Amino acid sequence: MNPAAQPLPVQDVQGDARWISQHERFVQECKDAEPDVLFIGDSMVQLMQQHEVWRDLFSPLHALNFGLAGDTTCNVLWRIQNGELQNIQPKVVVLWVGTNNHQHTAEQVSGGVTAITQILISQLPRAKIIVLGLLPRGEHQNSLREKNAVVNELLRSSVPQLGPAQFLDVSAEFVQSDGSISKHDMFDFLHLTAAGYQTLSKPLHDLLLQTLEETSDSAPHTQSVSSQFDLL
Amino acid sequence: MSEDSHPADSPTPCQDIQGDGRWMSLHNRFVSDSKGKEPDVLFVGDSLVQLLHEFEVWRKLFSPLHALNFGVSGDATQHVLWRLINGELDYISPKVVVLWVGTNNHGHTPEQICGGIMAIINVIHQKLPHAHTLVLGLLPRGKNPNPLRERNASVNALVQAEVASLSHVSFLDVDPGFIHSDGSILHQDMKQPLSRKHAV
Numbered sequence: 001m002n003p004a005a006q007p008l009p010v011q012d013v014q015g016d017a018r019w020i021s022q023h024e025r026f027v028q029e030c031k032d033a034e035p036d037v038l039f040i041g042d043s044m045v046q047l048m049q050q051h052e053v054w055r056d057l058f059s060p061l062h063a064l065n066f067g068l069a070g071d072t073t074c075n076v077l078w079r080i081q082n083g084e085l086q087n088i089q090p091k092v093v094v095l096w097v098g099t100n101n102h103q104h105t106a107e108q109v110s111g112g113v114t115a116i117t118q119i120l121i122s123q124l125p126r127a128k129i130i131v132l133g134l135l136p137r138g139e140h141q142n143s144l145r146e147k148n149a150v151v152n153e154l155l156r157s158s159v160p161q162l163g164p165a166q167f168l169d170v171s172a173e174f175v176q177s178d179g180s181i182s183k184h185d186m187f188d189f190l191h192l193t194a195a196g197y198q199t200l201s202k203p204l205h206d207l208l209l210q211t212l213e214e215t216s217d218s219a220p221h222t223q224s225v226s227s228q229f230d231l232l
Numbered sequence: 001m002s003e004d005s006h007p008a009d010s011p012t013p014c015q016d017i018q019g020d021g022r023w024m025s026l027h028n029r030f031v032s033d034s035k036g037k038e039p040d041v042l043f044v045g046d047s048l049v050q051l052l053h054e055f056e057v058w059r060k061l062f063s064p065l066h067a068l069n070f071g072v073s074g075d076a077t078q079h080v081l082w083r084l085i086n087g088e089l090d091y092i093s094p095k096v097v098v099l100w101v102g103t104n105n106h107g108h109t110p111e112q113i114c115g116g117i118m119a120i121i122n123v124i125h126q127k128l129p130h131a132h133t134l135v136l137g138l139l140p141r142g143k144n145p146n147p148l149r150e151r152n153a154s155v156n157a158l159v160q161a162e163v164a165s166l167s168h169v170s171f172l173d174v175d176p177g178f179i180h181s182d183g184s185i186l187h188q189d190m191k192q193p194l195s196r197k198h199a200v
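Protein sequence lines correspond, in order, to chains A and B. Under full-length UniProt numbering, the residue at position 4 of the first sequence is numbered 4, and the numbers go up by one with no gaps. Under full-length UniProt numbering, the residue at position 160 of the second sequence is numbered 160, and the numbers go up by one with no gaps.
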């Protein structure tokens, strides 16, 4: 049993129930909203909504943001099985999670991400899934960078096998020639600045537009069509 | 941040549990950033301080004041205390230090958190005898009334009372009324302490 593929809610240890409050708000949003794009994941997703890039590039695509800081694959799994996919039919789901899975190996994390992707595909039969690669973290080379890179390698081959799913990895944009990450891209060597989000969003937005255009065709979609867009 | 067994007023660095050394990288960067800079204002504290730097409000209101930002997400009082004792105040002479910390002190009582904040104020005063410290009140948190809101309100009352007699310290309550009449906080104002709209 892969522990990274077990659905788990976050326990309220601090005492202000913020995680469950946000989950409940997302479930409520599903009742009224008709998103074409759903973003789901951890703080990397959540924080995107605080920056102009969201308003400029993703809001216009009728996107919803279900990012929750600190989430692991287990937490996202729990959320999508407890109401966050109800009543919505997005054409594309952007999934970005895995960097917080500190208790799990790279193989387990990759398994958790593919488990989420499989559930998204089965719950939302008309949707295409874009899985974002985990970004490097830490000022200099370290074991978490290595782990995240292994997760990405595994996902690079496993995601396209799942069907209407693609993998997008923009990691290379964030490591400088001396191996360091700049504070101008990641203010704490993990979370993106406004500029960092701009760098990430360009290829993501391009891929989203392509994918949305593809879903608007009435022709059936084959495996080979989606593999054209497996950007590395 | 989970419950911490370290005292709120005992300087404690953050252990690198995750494996990428980010806390120490940030501390080292703050120390080296401070060499050769002459800030008039220094902001120090937790994620609420750190995130201020990432939005327009910093460029518009605080950069022009020659401000430096030494905020670190997740920091409790004992972590800020360690950072200030270990280099972050050694190369600068700001006129004002804005201190905003305490909401991450899980497991500490309001009295202990106040003690931690006072310890920081004392270190600032020792290292920067000519600086004025502006302590910001802890904001309420959580969608509905909860023990952390009570705790934060108690901390604010205690700190406000303690600094009243100190000429080099002021207390500022920056809550513009986030809590509505039904006791709730809107997510449009606060998503969670890590990503709060800076409406103050």
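Because the hints were derived from the structure by calculation, they are not lab data. No experiment lies behind these values; they were computed from the predicted model shown. Using N, Cα and C, we set each Cβ at its ideal position, and we do this for glycine too. Please note that the accuracy of each hint is not assured.
Said to hold, decoys possible - Restraint ranges, calculated between C-beta atoms of paired labels, are given here:
#  : chain 1 : residue 1 : chain 2 : residue 2 : range
1  : B       : Ala164    : A       : Ser180    : 43 to 49 Å
2  : B       : Val57     : A       : His140    : 41 to 47 Å
3  : A       : Gly83     : B       : Ser93     : 50 to 56 Å
4  : A       : Asp56     : B       : Ser63     : 39 to 45 Å
5  : B       : Asp173    : A       : His184    : 31 to 37 Å
6  : B       : Ser170    : A       : Ala194    : 27 to 33 Å
7  : B       : Gly19     : A       : His62     : 24 to 30 Å
8  : B       : Asp173    : A       : Gln89     : 32 to 38 Å
9  : A       : Glu146    : B       : Ser165    : 24 to 30 Å
10 : B       : Ser170    : A       : Ile20     : 34 to 40 Å
To be verified - Computed cross-link-like contacts, BS3-like style, restricted to lysine-lysine with a CA-CA straight-line distance of at most 30 Å:
#  : chain 1 : residue 1 : chain 2 : residue 2
11 : A       : Lys202    : B       : Lys60
12 : A       : Lys183    : A       : Lys91
13 : A       : Lys202    : B       : Lys95
14 : B       : Lys37     : A       : Lys202
15 : B       : Lys127    : A       : Lys202
16 : B       : Lys127    : B       : Lys143
17 : B       : Lys60     : A       : Lys183
18 : B       : Lys95     : A       : Lys31
Hint by hint, here is what the structure shows:
1. B:Ala164 <-> A:Ser180: 43 to 49 Å: holds, 46 Å
2. B:Val57 <-> A:His140: 41 to 47 Å: violated, 31 Å
3. A:Gly83 <-> B:Ser93: 50 to 56 Å: Cβ of Gly83 (chain A) to Cβ of Ser93 (chain B): about 54 Å, so the range 50 to 56 Å holds.
4. A:Asp56 <-> B:Ser63: 39 to 45 Å: violated, 23 Å
5. B:Asp173 <-> A:His184: 31 to 37 Å: holds, 34 Å
6. B:Ser170 <-> A:Ala194: 27 to 33 Å: Cβ of Ser170 (chain B) to Cβ of Ala194 (chain A): about 32 Å, so the range 27 to 33 Å holds.
7. B:Gly19 <-> A:His62: 24 to 30 Å: violated, 38 Å
8. B:Asp173 <-> A:Gln89: 32 to 38 Å: violated, 46 Å
9. A:Glu146 <-> B:Ser165: 24 to 30 Å: Violated - the Cβ-Cβ distance for Glu146 (chain A) and Ser165 (chain B), about 54 Å, lies outside 24 to 30 Å.
10. B:Ser170 <-> A:Ile20: 34 to 40 Å: holds, 37 Å
11. A:Lys202 <-> B:Lys60: holds, 26 Å
12. A:Lys183 <-> A:Lys91: violated, 35 Å
13. A:Lys202 <-> B:Lys95: Measuring from Cα to Cα gives roughly 42 Å; hence the hint is violated.
14. B:Lys37 <-> A:Lys202: With Cα atoms ~34 Å apart, Lys37 (chain B) and Lys202 (chain A) exceed 30 Å; violated.
15. B:Lys127 <-> A:Lys202: With Cα atoms ~46 Å apart, Lys127 (chain B) and Lys202 (chain A) exceed 30 Å; violated.
16. B:Lys127 <-> B:Lys143: violated, 39 Å
17. B:Lys60 <-> A:Lys183: With a Cα-Cα distance of about 20 Å, the restraint between Lys60 (chain B) and Lys183 (chain A) holds, given a limit of 30 Å.
18. B:Lys95 <-> A:Lys31: Violated, at about 52 Å.
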